[in-house]
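Chain A is already provided as a structure; the job is to place chain B on it using the hints.
As a plain string of letters, each chain reads:
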Amino acid sequence: EAGVTQFPSHSVIEKGQTVTLRCDPISGHDNLYWYRRVMGKEIKFLLHFVKESKQDESGMPNNRFLAERTGGTYSTLKVQPAELEDSGVYFCASSQDYRATGELFFGEGSRLTVL
Amino acid sequence: SQKIEQNSEALNIQEGKTATLTCNYTNYSPAYLQWYRQDPGRGPVFLLLIRENEKEKRKERLKVTFDTTLKQSLFHITASQPADSATYLCALDAGNNRKLIWGLGTSLAVNP
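As they're listed, the protein sequences go chains A and B. Here the first sequence is numbered in this note's numbering, starting from 1 and rising by one per residue. Here the second sequence is numbered in this note's numbering, starting from 1 and rising by one per residue.
Because the hints were derived from the structure by calculation, they are not lab data. There are no misleading hints in this set.
PhoX-like, lysine-lysine: derived pairs with alpha carbons at most 20 Å apart:
no., chain 1, residue 1, chain 2, residue 2
1, B, K71, B, K57
2, A, K54, A, K78
3, A, K41, B, K99
4, A, K51, B, K99
5, B, K99, A, K54
6, A, K44, B, K3
7, A, K44, B, K99
8, B, K71, B, K3
9, B, K3, A, K41
10, A, K54, A, K44
Next comes chain A alone, as it looks inside the complex (with noise of 0.2 Å):
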């Protein structure tokens, strides 16, 4: 079974430019999330889907983060214009029922690098 799978693994953009994130969940799991991690920083909650739906957001920075899930499958998250401070390595992770067994399936990460 393949895990969750996020694209790029790395991207380095400057400053005011666009990046778009990609996370491909694990097949059949509704619950989506992205998560942050700024270096020296703990990792951050960023948003939650449920399926298409957006669940929780309320760790977005701001209005130049758009994220994304169309038909329930694909997540993709978007930055733009881009910061310096967006720096860092996002995550995304997936889980079927999560009360069940509470388990977060994480992709590898995309780090992004603004210079």
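Only chain B this time, still in chain A's reference frame:
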């Protein structure tokens, strides 16, 4: 504000010994507490979950305790092996909104 603290200094132990990692939290009443392992350049990997009404949970060489009075969880790896070397992350779940709040992690090095 809600805060999770893990041993900030790296833990170095000898192979075969028991590693004990600490997770303390304040201003929080979690429904769950989870432990994850993270290797360099990789995503976190789930290890164990313990609920607020559970005192202890075991899985093979791993043991987690949860003291809601002390607001502390201890994570033990018995008979440690060099392959256990990694960063171990503690995360709390509020229960209602399903988002996890994370500690910074503790780096463990098991020396052969």
